[in-house]
Amino acid sequence: MARIDDYRPIVGDQTIDELYLLGERLKNITIQNVNSTPFGGGVAEILSRMIPLMKDLGVDVWWDVIKGDDHFFQITKKIHNALHGIELSLTREELSYFLEVNQENAKSIKKWADIVFVHDPQPIYLVKEKRRLKNKWIWRCHIDFSNPKRDVWLFLKKFIEKYDVSVFSAPAFARKLSIRQVLIYPSIDPLSDKNKELDQKFIDSILERFGIDKQRPIITQISRFDYLKDPIGVIKAFRLVKKYIDCQLILAGGGAKDDPEGERVLAEVREEAKKEKDIHIIHLPPASNLEINALQRVSTVILQKSLREGFGLTVAEALWKEKPVIASWVGGIPLQIAHKYSGILTYTIEGTAHWIKRLVNEPEYAKRLARNGKQHVKNNFLILRQIQDYFLLFLSLFNPQDVVYL
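Taking this note's numbering as reference, the numbering of the sequence shown is continuous, increasing by one, and the terminal residue is 397.
None of these hints come from the bench; they were simulated from the model.
Pairs of lysine-lysine residues, derived as DSSO-like cross-links and limited to a Cα-Cα distance of at most 30 Å, are as follows:
1) K46 to K365
2) K369 to K187
3) K358 to K268
4) K167 to K68
5) K358 to K348
6) K192 to K233
7) K140 to K119
8) K119 to K69
9) K18 to K369
10) K149 to K119
11) K205 to K265
12) K331 to K234
13) K140 to K227
14) K227 to K331
15) K101 to K68
16) K266 to K234
17) K358 to K205
18) K331 to K358
19) K227 to K205
20) K68 to K148
21) K205 to K369
22) K266 to K227
23) K365 to K331
24) K233 to K365
25) K233 to K265
26) K358 to K369
27) K127 to K68
28) K46 to K153
29) K18 to K101
30) K205 to K365
31) K101 to K153
Now the in silico label distances, taken between C-beta atoms and shown as ranges:
32) D237 to Q172: 44 to 54 Å
33) P29 to H330: 32 to 42 Å
34) R200 to K153: 41 to 51 Å
35) R200 to I170: 42 to 52 Å
36) T6 to P29: 25 to 35 Å
37) Q366 to P277: 29 to 39 Å
38) E267 to D184: 28 to 38 Å
39) A163 to D380: 17 to 27 Å
40) R359 to D61: 39 to 49 Å
Every value quoted in this text rests on a predicted model; they were computed, and no experiment measured them. Glycine residues also receive a C-beta, built at the ideal position from the N, C-alpha and C atoms.
Construct the entire structure; sequences and hints are all you get.
Structure follows, in structure tokens:
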């Protein structure tokens, strides 16, 4: 596991020294993160890297995961989809069960911190403990909140407004709330297994394991098997490209513990691609970060063709590896890609196919996009910047002024 000083060559001494100063100011404050899964998905990945680094800076921080059965996670998946604007309805029984499971989790948590940092809707009702504990509460929304279904939004809003502050990943996700709202971008860890430099021999071994030909162009999308990631749309775009270029497609990813739809989506994707030998459907178990890293590094073009997206950190991961990225113009993706400067943004299957062909056929243009993309990630989306933003937010909860003095 990387230590905080290992990042000095990447971000410079000043950034690290400032983090030590902020950590010193937080040494008497405890911080508790709560989410719904210990692995799978961006939230768990960020927390698994960030919490050890915060501890390395002297901060007393820990991470709790709520428990729930399949029925609970089916309900929270419906809430997730409704917040993304998908037409569906939640019954009174489902909403009641959602609150009941949260209440059971509140009883099972033995230790509460000075700051409770709740991630996403699944544990949102834990805030009912705030009145009893008289501590500070933050709610972080990691998903695309720009067009939620009204009834589900109003159900959650009454709980969100009990928090001291809410945090969103993009300006478009902010809603009309009575509490303070803060914009903090998610981040990637450049020294994690998913993003660190890899030996070519290891990369070649991964290609051999999955039967991928490194002599032909490789188009890749790394994501959960989720309808909102549009894997079928990726296959359709690939087929349009395949008419003109002899290339291969990799659809690789796993599932999150709190996402019950994953197996069904994976089965549909396999059925769609079953007769095409140049489409590689790779279902990866948890902690396959080295494999993901290798697949990204060997790719000619990387896609993120999401229909909805919270932030889409797979974009930043690909850009950090200096790969050209074509992604959908949704959620937080346009914050990571300036169209035709640091990547390509598209709306349609046909547009995605057009840009795949162009980037494969114009490698110098693709390299220029990739170089610009890596610099943009370095400036804005590395983990130490997010830690600094969080530290300042934590301090602001105990400081009525707009300025935190160090």
